[in-house]
Amino acid sequence: MISGILSRLARVRFTAGYAAALLAVSCIILALGPHTHDMIVQSASTNLHNLSHGRLGTLLGSALVVDAGPLYFWLPFLTCLLALAELHLRTIRLIVAFFVGHVGATLLMAVALAAAVKFGWLPGSITRASDVGMSYGALAVLGAMTAVIPPRWRAAWIGWWVATGLASAFIGGDFTDAGHTVAIVLGMLLSTRFQQPVHWTPVRRLMLVASSGFGFLLLAHEWGTMAGAPLFGLLGALVAARAVHFAGTRGSLPVPPPPVTAQPATPRVAR
0 MISGILSRLA RVRFTAGYAA ALLAVSCIIL ALGPHTHDMI VQSASTNLHN LSHGRLGTLL
60 GSALVVDAGP LYFWLPFLTC LLALAELHLR TIRLIVAFFV GHVGATLLMA VALAAAVKFG
120 WLPGSITRAS DVGMSYGALA VLGAMTAVIP PRWRAAWIGW WVATGLASAF IGGDFTDAGH
180 TVAIVLGMLL STRFQQPVHW TPVRRLMLVA SSGFGFLLLA HEWGTMAGAP LFGLLGALVA
240 ARAVHFAGTR GSLPVPPPPV TAQPATPRVA R
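For the record, in the sequence shown the residue sitting at position 219 is 218 according to numbering that gives the first Met the number 0, with numbers rising by one throughout.
These are calculated hints, taken from the structure and not from any lab test. Remember, it's a predicted structure, so these values are computed and weren't measured experimentally. Among the hints, a few may not be true.
[What the hints assert, rightly or not] Simulated restraints, written as ranges between beta carbons of each label pair:
hint: 1; residue 1: Ile91; residue 2: Pro150; range: 18 to 28 Å
hint: 2; residue 1: Pro196; residue 2: Val110; range: 35 to 45 Å
hint: 3; residue 1: Arg10; residue 2: Gly53; range: 34 to 44 Å
hint: 4; residue 1: Leu237; residue 2: Val197; range: 22 to 32 Å
hint: 5; residue 1: Val110; residue 2: Thr90; range: 22 to 32 Å
hint: 6; residue 1: Phe169; residue 2: Gln41; range: 27 to 37 Å
hint: 7; residue 1: Thr200; residue 2: Val24; range: 29 to 39 Å
hint: 8; residue 1: Thr35; residue 2: Ile94; range: 22 to 32 Å
hint: 9; residue 1: Pro33; residue 2: Phe245; range: 50 to 60 Å
hint: 10; residue 1: His34; residue 2: Trp152; range: 42 to 52 Å
hint: 11; residue 1: Met38; residue 2: Ala114; range: 23 to 33 Å
[Unchecked claim] Computed list of lysine to any residue pairs in SDA-like fashion (alpha-carbon distance at most 25 Å, straight line):
hint: 12; residue 1: Lys117; residue 2: Gly53
hint: 13; residue 1: Lys117; residue 2: Gly171
hint: 14; residue 1: Lys117; residue 2: Leu47
hint: 15; residue 1: Lys117; residue 2: Leu106
hint: 16; residue 1: Lys117; residue 2: Phe174
hint: 17; residue 1: Lys117; residue 2: Phe169
Beta carbons are placed, not taken as given, at the ideal position from N, Cα and C, and that holds for glycine.
Throw the hints in and build the complete structure from the sequences for me.
Quick look at the structure:
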């Protein structure tokens, strides 16, 4: 029994290790009290103030400090998402997707925020805003799962998440919401390098449903966004599916044969 459990954990070793680290760090921060919690969040935040002062360690440390609701709610869903991705994409691809999303979306948003502050579009106080958590990495992993979605559903999957992300960023109006959309798009771009056949079991389908629900909550984490984003998501899925179907239909039209020109009759020679 023990060897069987260890062999299963070996297949999701990154997920198990990361979930254990998040659990340990979250419990320690909770035990230290609110004041210490605020200090740790500020020092681990990947905001412009920390990055401009050369605190690049926050690019990795922020993934271990989560300030997003009760641990017993988000940790099981995050573990479900990462485990499913690790089973389908394998460990190295999961790690690449997570850190490209986490670091890439953070840096892209930092550049955008720096430009917005410089031109006076946003107040300077935003440079010290708290920005920690695993949401960028988790959404990038969800985007990378595009590689294992069956081809007939892939266009609708992409259309749903892109439209939902854009709607959430527009309705929410927060730089974190925009970062979530950037992260899931980065994951989808990576998925073009991860193509591989996958056998979906009933259990893994349920895990995908749970992971998708968790991803939606990360994108649309406010009541106003939850009401409007699904409508845009459905519209995006329908448009993407119809566009791919239309393109496939046009590509499969039979090509008419070239016209046959009449050949002059060969004269008979009398013998």
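Each hint tested on the structure:
no. : hint                        : result
1   : Ile91 - Pro150: 18 to 28 Å  : holds (24 Å)
2   : Pro196 - Val110: 35 to 45 Å : holds (38 Å)
3   : Arg10 - Gly53: 34 to 44 Å   : holds (38 Å)
4   : Leu237 - Val197: 22 to 32 Å : holds (25 Å)
5   : Val110 - Thr90: 22 to 32 Å  : holds (30 Å)
6   : Phe169 - Gln41: 27 to 37 Å  : holds (29 Å)
7   : Thr200 - Val24: 29 to 39 Å  : holds (33 Å)
8   : Thr35 - Ile94: 22 to 32 Å   : holds (30 Å)
9   : Pro33 - Phe245: 50 to 60 Å  : holds (56 Å)
10  : His34 - Trp152: 42 to 52 Å  : holds (48 Å)
11  : Met38 - Ala114: 23 to 33 Å  : holds (29 Å)
12  : Lys117 - Gly53              : holds (19 Å)
13  : Lys117 - Gly171             : holds (22 Å)
14  : Lys117 - Leu47              : holds (12 Å)
15  : Lys117 - Leu106             : holds (16 Å)
16  : Lys117 - Phe174             : holds (16 Å)
17  : Lys117 - Phe169             : holds (22 Å)
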